[in-house]
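Enquirer: Next come the chains, spelled out residue by residue.
There are 2 protein chains.
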Amino acid sequence: MSDQDRRARRREARRPGGPSRSGGIKPIHNKLPFTEILSPEGVELIHKASMRLLSNPGILIVDYPPAREAFRANGAKVEGDVVKVDEDTLMHFLRMAPSTFTQIARNPANTLEFGGRTTIFAPVYGPPFAGSLDMGRRRATLEDFRNFARLTYMAEQMHHNGGTLCEPNDVDVRERHLDMLMAHITLSDKAFMGSVTHADNARDTVTLCRILFGEEAIAQNPATISLINASSPMRFDDRMFGALEVYARAGQAVLVTPFIIAGAMSPTTMAATIAQQNAEALFGMCYAQMLNPGTPVVYGSFLANIDMKSGAPCFGTAEDALALYAGAQMARRYGIPYRSGGNFTASRVPDAQAGYESASTIWPTIQSGTNFVLHAAGWLEGGLIAGYEKFILDLEMCGVVARLANGIRLEEEDFAWDAYDEVGPGQHFLGAQHTMRHYDTAFYQHKVFSMDNYEKWEAEGKIDPVVRANGIWKQMLKDYQQPHLNEAIAEELNAFVAQRRKELAERRPRTEWKR
Amino acid sequence: MSDQDRRARRREARRPGGPSRSGGIKPIHNKLPFTEILSPEGVELIHKASMRLLSNPGILIVDYPPAREAFRANGAKVEGDVVKVDEDTLMHFLRMAPSTFTQIARNPANTLEFGGRTTIFAPVYGPPFAGSLDMGRRRATLEDFRNFARLTYMAEQMHHNGGTLCEPNDVDVRERHLDMLMAHITLSDKAFMGSVTHADNARDTVTLCRILFGEEAIAQNPATISLINASSPMRFDDRMFGALEVYARAGQAVLVTPFIIAGAMSPTTMAATIAQQNAEALFGMCYAQMLNPGTPVVYGSFLANIDMKSGAPCFGTAEDALALYAGAQMARRYGIPYRSGGNFTASRVPDAQAGYESASTIWPTIQSGTNFVLHAAGWLEGGLIAGYEKFILDLEMCGVVARLANGIRLEEEDFAWDAYDEVGPGQHFLGAQHTMRHYDTAFYQHKVFSMDNYEKWEAEGKIDPVVRANGIWKQMLKDYQQPHLNEAIAEELNAFVAQRRKELAERRPRTEWKR
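Heads up: the protein sequence lines correspond to chains A and B, in order.
Position 202 of the first sequence, counted from 1, bears residue number 202 in our numbering, the numbering being contiguous throughout.
Position 469 of the second sequence, counted from 1, bears residue number 469 in our numbering, the numbering being contiguous throughout.
By construction, these hints were calculated from the structure, which means they are not laboratory data.
Mixed in with the good hints there might be a few duds.
In this list, chains with the same sequence are indistinguishable; a pair is considered to hold if it fits within one copy or across any two.
Below, simulated EDC-like cross-link-like pairs (lysine to aspartate or glutamate); rule was C-alpha separation at most 20 Å, straight line [what the hints assert, rightly or not]:
#, residue 1, residue 2
1, Lys-462, Asp-134
2, Lys-31, Glu-411
3, Lys-48, Glu-156
4, Lys-447, Glu-79
5, Lys-84, Asp-237
6, Lys-447, Asp-307
7, Lys-474, Asp-464
8, Lys-502, Glu-175
9, Lys-48, Asp-421
10, Lys-48, Asp-172
11, Lys-84, Asp-418
12, Lys-26, Glu-41
13, Lys-48, Glu-413
14, Lys-309, Glu-460
15, Lys-474, Glu-41
16, Lys-48, Glu-412
17, Lys-26, Glu-175
Every value quoted in this text rests on a predicted model; they were computed, and no experiment measured them.
With the hints as extra help, turn the sequences into a complete structure.
Expert: Right, here's the structure in full:
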C-alpha cells in the first residue's frame, strides 16, 4: 500500500458518520464552581513543602541511570540514586507543559480535549480479577478485557476507552499488551491508553498508533495517553521511566500519578500527603519536559488511606476526598490538566457499602473539576476486581454527576412565569404548558436505579439493582456491533502484531517483567 | 412540689455529668468552604423571582383566617384566601429572625447552637413504616419509635433526637404525640422536636417542655423545634399554621420547609423550583416573626423530583443537590439557619442504589454548610420506611462526612518533616515516630463498612453490610441504658400526660386529623 493510499484510507477511517457506528461521545463541560478546599495561602504552603521535599530528601530513581543523568545535566544534584531538584529548575521545565491538549480517536467525533472545564470518564484500570453475579471473582481473561472494551464503547457515560480494563491472565505476559491494544483499536473507536509494562511495549503502542493514525497525525496530537505511576514514596523505577521516555520522545501524553496509600506510602497527615503527592507528580512531569519540551502531561492523583488497625486500604473516605480536592487545586496552580477520582470502593461486590463509597468518590471528583477520571466504572475491592454489574451501576452514577455538572440555568424561561399564571397556588404542574415544553430534558432519567414503590417492587420479585445490572450488561453485549475499521489498516496492524508475537516468542521470558 | 424545689431539681437534672449517662455530643463545626453553586448575581435573580411570586400569584392560606388577617393588618393584599405580600413588608419581618439560636436539651452537654458553621444531624422523620432484615416492611409501632429514640440517643453521630422517628400506628391517633414526646424525653437526653399535627398537640408539647425545663428556661431559649411544612405549591394550611402560631407565641423554634417534588409541586426547571421554595420558606418565617418578633426560625428545604416517565419521586439526584446548594446560599443571604439534606434514597432496602443515592445527598448536605440535617439516618423508600439497618449504615456515612468537615490542617506538625528525615525515599511510614504520634486520630475508623480483602470476606461467609448492621442495632438495643430523669419531674410529666389522655379519650375522634 502506497503512502498516499494509506493516508486516503486513514482519512476515510476517521470520517465522521463514516465507517464508525458511534456518533461520538462529548465529554462533560463542567459548569460547576470548583471546590477550593485550600485557601490561596494553603496552596502556596503545599507548593513550598513540595519544593522542600524535592530538594531534600529528593527522589529515588531505581535502575534507570538515564533519568538521573538528565536531571544532573539540567542542574539537579544527584547523590547515589537520589535526585535533588530545586524550585527554579523544576518550574523552568514545568512551564513547558501545555495547559490543554487533544487526544485523537479513531472516530474523530470521539476526539477529546484534556484540561480546562472538561471532564472525561474512563473505566477501571488494572484489576487482575473480573467479577460478576454469575461467576463471583476469578482471574480475568482476554475475553473479559474484550467485554469491558465493548461495554465501554457502548456506554454513553464513558468518553474514553481506558487502558488495562483488566489483566488478561490467559495470555502470555510477553504478548498481553498487543492483545489489549488491538482490543481497544478494533472493538471501539474511542481514545485509549498505552502500555507501560516495558519500554518495548510503549514502543509497540506508538507503532500501532502510527499505523492507525499516521506519523503526521500523532506528531501533531497524541493518539495515546499512558499511566506512569510513581512507586511512592518519592521513588520512580526503570519500568515506569522507561515507558515515560518512549512516550515523551514520541510526543504522546503521559499521566504521572503518585500511587499513595496514606499512612503507609505517606505520613498519616493530609498536609504531608498532599505535599508529597505534589512533589512526585511534579518530578515526573518535569522529566517528561526535559525529554521533550511540550509533552502533553496530566497531573495524576491516586490516593487512598490505610485502616490504622488492620492496615487494609480504605476507599471513598473523607481523607481521600480532601486530598482529591487539594490535588485539583495544585494542578490548577501549575496550569496542568488533572486526573483523579472514580467510583472507588473497598467492597468486594456492589452492595450498600460499594454504593456509599463510590458516590463518596465521584462527587468530589466532579466538584473538584477533575479533567480525566480513570476508574469511573467497574471498580471493586480496591481495584482488584473489574466488576460487570458494578460497571453498569457506576454508569448510572456517572450520568447523575454529569447532570450535576450542568449547574443551574437562570434564563427567563427557567423561571417558568407562564406556569405560575397557568397553574396558580395549590395546584400541580404536571399538565402545565411549561412542563410539556421541558418534558424531554427535565431531570436525569435513571436507567438502572429503580424508583418503584414497595408494592410494585415486591410484586416484581424484589429485584436487587445488581440483578438488573446483570441483565443490562448481558443485553449490551448481545446488542454490541463492532465499529468498522478500514481493511488495509487492519491488515497492517495485524501484520505488525504477528511479527511482534514471533519476535517475543523467540525470546526467553524476560526477567524484567515485574507484576 | 414548690417552685423552688422544682427549680433545684431541674438544675440537678441538667447538671453535666449528673444524672444523664451521655457525656454530650458536640455538633459538627464545619470548616469546609461552602459550595456556592449560584453566583452572587444568581442569588439576587432568585431573590427577585421569589419576591415576584409572593406578590403574584401569592400564597394560598387554607382554612386559617387568623394568618390572612395578620398579613392584612401588616399591609399585605388579601384576595379571597390568597395573600400577596411585597418585598418591603416581607423583609421587614424577616430581619427580625435571629441568625443563630440555641436549643436546650435535658443534658446541658447536648445543648445545640443552630446556624453559623454548625451542622446538626437528626434521624429520619415521619415514616409510616418500619423496616428491617428480620421483618421486611410493616406498619411502624410505638416500640419501633422507642427503639429509634434509643438508637439515636446512643449514636454519637446523631446530635439531635429528631421528631416523628416513625409513626406509632398502634397508638390512638389522638394520643400519639404524647407517646412520642414522652419517648424522646425519657429515653434520651438530647434535644427533640415538637408535634405539629394540631395546634392542641403543639400546646401539649410546650407544656411538657415547661414541666421539663421550667417556664423561664424555655422563654430564654427554645426547648423544641418543630417542622412546619408548606403544602407546596404556594400554600399553607390550618394544621401547619395553627401549630406554627402556638410555637411562635411560646418562643419555640420552627423549621419552615416547603415540601416540593419538582415537576409536580413546582415547574421542572431548577430556577423556578428554587425561587418557589424560597418564596414559600420566606412567607412562613415572615408569619412567625409577625406573631412574635425574634422567633427562632430555620429556613427549610425538602426537595425531590419526579421521574417524568412514571411520576415516581426520585431521591439523591443531581437536581436535588443543586437545589440543596442553592437553598443554602439563599438562607445565608437572609442570615437564617438552613435545614436540608439527609441520607435520601428511593430504594426500599439498603442495597447498592440506597448507598449511591444516600451518599449523593449527604455530600452536598455537608458541602453546602447545611445547619440542621433531618433524615440523616434511617431513611428508605422516599421516607416511607424507617429502616433499622439503614439507620446504622447511615451513621457510618455521617461519620465520614463529619470527618470531611474537619478540612485539611496545615500546621507545621502536619507536614511531618521528621517522618521524611526518619524514613527516606522508597520506604514506608508505618513505623515512623510521626505515625505513632498520630496513630489514634489518623483517618476515620469505620464501624460498619468492611475493608477486608476478598479472601477474608469469603472465609467469613461473604457477610453483607446489611447483616453487619443488623447485628449492630440489636447489640446497641441490648446495651442501651436509659438516662436518669429526676423523679419529681417524671411524676409531673406523667400526671400531665395522664390527664391529657383522659381529656382526649372523652372527645370524639376529631375530624380535622389529616394524614
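Enquirer: Please work out whether the CA atoms of Lys-48 and Glu-156 approach to 20 Å or closer within one copy, between two copies, in both situations, or in neither?
Expert: neither (41 Å within a copy, 38 Å between copies)
Enquirer: As a check of your reading, is Lys-26 near Glu-175 (CA-CA no more than 20 Å) within one copy, between copies, both or neither?
Expert: neither (33 Å within a copy, 59 Å between copies)
Enquirer: Under a CA distance limit of 20 Å, which applies to Lys-84 and Asp-237: within one copy, between copies, both, or neither?
Expert: For Lys-84 and Asp-237, the Cα distance is within 20 Å only inside one copy (16 Å; across copies 72 Å).
Enquirer: Using 20 Å as the alpha carbon limit, work out where Lys-48 and Asp-172 are close: within a copy, between copies, both or neither.
Expert: neither (46 Å within a copy, 67 Å between copies)
Enquirer: Indicate which option fits the pair Lys-26, Glu-41 if close means a Cα-Cα distance not exceeding 20 Å: within, between, both or neither.
Expert: neither (36 Å within a copy, 29 Å between copies)
Enquirer: Can you tell me if Lys-474 and Asp-464 fall within 20 Å by alpha carbon in one copy, between copies, both or neither?
Expert: within (16 Å within a copy, 25 Å between copies)
Enquirer: Within, between, both or neither: how does the pair Lys-48, Asp-421 come out at a Cα-Cα threshold of 20 Å?
Expert: between (59 Å within a copy, 17 Å between copies)
Enquirer: Cα distance capped at 20 Å. Does Lys-84 pair with Asp-418 within a copy, between copies, both, or neither?
Expert: between (67 Å within a copy, 18 Å between copies)
Enquirer: If the cut is 20 Å between Cα atoms, do Lys-31 and Glu-411 qualify within a copy, between copies, both or neither?
Expert: within (15 Å within a copy, 33 Å between copies)
Enquirer: At most 20 Å between alpha carbons: which applies to Lys-447 and Glu-79, within, between, both or neither?
Expert: So Lys-447 and Glu-79 fail the 20 Å test inside a copy (57 Å) and across (46 Å) alike.
Enquirer: Treating 20 Å as the Cα threshold, decide for Lys-447 and Asp-307: within, between, both or neither.
Expert: Close across copies (11 Å), not inside one copy (35 Å); limit 20 Å.
Enquirer: At most 20 Å between CA atoms: does that hold for Lys-309 and Glu-460 within a copy, between copies, both, or neither?
Expert: between (43 Å within a copy, 19 Å between copies)
Hints 3, 4, 10, 12, 15, 17 from the list above are not met by this structure, while the remaining hints are.
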